[in-house]
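Going down the list, the sequences are from chains P and R. 60 is the number that our numbering gives to position 60 of the first sequence; each next residue is one higher, with no gaps. If you want our numbering, it's the 1-based position in the second sequence plus 1000.
Treat the hints with care, since some could be wrong.
Simulated crosslink set (DSS-like; lysine-lysine; CA at most 30 Å straight-line) [unchecked claim]: (1) P:Lys57 - P:Lys316; (2) P:Lys107 - P:Lys359; (3) P:Lys109 - P:Lys125; (4) R:Lys1107 - R:Lys1057; (5) R:Lys1316 - P:Lys359; (6) R:Lys1221 - P:Lys316; (7) R:Lys1295 - P:Lys316; (8) P:Lys359 - P:Lys316; (9) P:Lys359 - R:Lys1295; (10) R:Lys1221 - R:Lys1057; (11) P:Lys124 - R:Lys1124; (12) R:Lys1316 - P:Lys125.
Keep in mind that the hints were calculated from the coordinates and are not lab data.
2 protein chains.
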Amino acid sequence: MTTPLAAIIARDYGTPALVIDMDRVERNIARIQAVCDAAGVANRPHIKTHKSPLIAKMQIAGGAIGITCQKLGEAEIMADNGIDDILISYNLVGDEKMARLAALQAKAKITVAADNAFVVEGLKKAAAISGLPLDVVVECDTGRQRAGVETPAEAIELARLIDTSEGLSFAGFLLYPTETGWPAAQKFYDEALAGVRALGLEPRIVSTGGTPNLKNVGSLKGATEHRFGTYIYNDRMQVEAGSATWDDCALNVYSTVVSRAGPDRGILDAGSKTLTSDTGGLDGHGLILEHPEAKIARFAEEHGFLDLTRSNTRPKVGDVVRIVPNHVCVVVNMFDEIVMVRGEEVIGVLPVAARGRLK
Amino acid sequence: MTTPLAAIIARDYGTPALVIDMDRVERNIARIQAVCDAAGVANRPHIKTHKSPLIAKMQIAGGAIGITCQKLGEAEIMADNGIDDILISYNLVGDEKMARLAALQAKAKITVAADNAFVVEGLKKAAAISGLPLDVVVECDTGRQRAGVETPAEAIELARLIDTSEGLSFAGFLLYPTETGWPAAQKFYDEALAGVRALGLEPRIVSTGGTPNLKNVGSLKGATEHRFGTYIYNDRMQVEAGSATWDDCALNVYSTVVSRAGPDRGILDAGSKTLTSDTGGLDGHGLILEHPEAKIARFAEEHGFLDLTRSNTRPKVGDVVRIVPNHVCVVVNMFDEIVMVRGEEVIGVLPVAARGRLK
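Turn these sequences into a full structure, and let the hints steer you where they fit.
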């Protein structure tokens, strides 16, 4: 079965194609802004999911105070398109990046993260080149063992180093608690806060993150803002995590069934170069709306292997199906553009302007 | 430890960066051409790995008879850059693709694959639009349960259908045997060959595939050509499969260590948006040449999680390391360009011209 809209998408854009429903996008923006407003924290969405200045501006028009980027290259695209308040939640390292960071400071208000003294030493160079003060937040590890200092004592020491570094200003703390880690994050933050206050410092930004933390937003006493990323489109992971419903999933991958060589199996024209091998910890690689019991079992680069064993309905060759991907952020990053629709009507094409900006 | 070349790459191009050694690329081209020559089969390399017309032309200059593409969009880029003999080893479906295929026929000699009657019916439209005859090979499943008819009887029937279809010409068979599946593929092919000969047809192309099939090339009696893809750069999977040595691995991902928050762990600036979540069935996500006992254990989108527990040498923040990825084909597809070097000298930048051409 191919819906009338899917037939139009296939005819005019070809498959595999990414399609977003702008009614749902706007609803997601309003819903999360309301969550932030109710929690009393500012909304600073993470653009890693959509990588689009147009969507970022919609988020800001909806009430966001600015945006979050993970990579400098993303921030450059956003600043070049008029976004003027950007948090880069990442350790930037190397002279090449410091020269670019300095140039970026001239275009927008930039805040960067650091979790070690080597990074802080580098950031001084950017401020020296630009001649502009640079706000730095201390990234704290609150359970993910990713980036972030491991102890409040280290956070305090790094805050002191930033404060005493020429051109740099201590701006606060960046946290990314796990869904169950908020009490521990509170304890970490309270100790770090007491320590920096003893030094005469006061955090202006205390940033928490994550769409799966929807239910926790505002529960860190002292938090000033939150970084929601995936909520803009949502995906199968967010539905599984309870932070979205299927109706909140704004993005579908439209894919054509190109082979049905056996009765219990088929091949989609969307493989690991389209849907990526990121399972998000789930079984199967996405939900097919037309055949929810079919399983996208595995991939070749341009082949999605359909296991139809448990599916009472079976697509035929030529059918165009709609897939809710497991992890939407990495799928968006595979495409240069996304088709925008409202309901059943195509309204335009959205460039994924910061796609592949991984430097 | 950062090598002098890595310091230059980081300074001039930033990290993460893809770097290929053109001496090794040229050696790989010569080595595989020699394998094909010795086996008495023509070399039709699969460009899905490099997605570069420049590299494709080097392969042809080295003796290849043409190229293989997986997607129409890849073939369009290649034809627009002067490659004139292209096999698209994929079921093309839909009117949008048929119009593009017809336009492509005017630019290059095109052969396409089909494994079902619906695809054949569509291909007739392309030939009707272009007014040019279209060569079609029958894709046969020889053990992978991907695309391909499951039985010789189906292959014969599809050959007959192609031969009697206006504008189409039966060109032969496309096979992709598993490493251990060549005797079964021989049996399949022999039966299909006898069947089509009984219809008065003769295959001009009998194509086998896969770099891991290096040792099997030429062992299918009747094979006319082979599709080598990954060999151009090689990767950790090919080394594990015994079809390449570490010295044959021409591509490295250069990545900076940006965090060392704990003694036994670190963070690379290469995450799932750089190295992809495709493990290739291996443990860990790549070999770090400077720290072969370190494990790239898992990813966030822009973070590579280094497990240093078993590594006696440990990188410090700011070090630029070189990674041999598990599966090079999907990594190349994340980058718009690759830095070319010879030994320790940078010689230029290679556009990944067909990156993201997934339609």
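query = Among all the numbered hints in the text so far, which are the ones the structure does not match?
reply = Violated: hints 1, 6, 7, 8 and 11.
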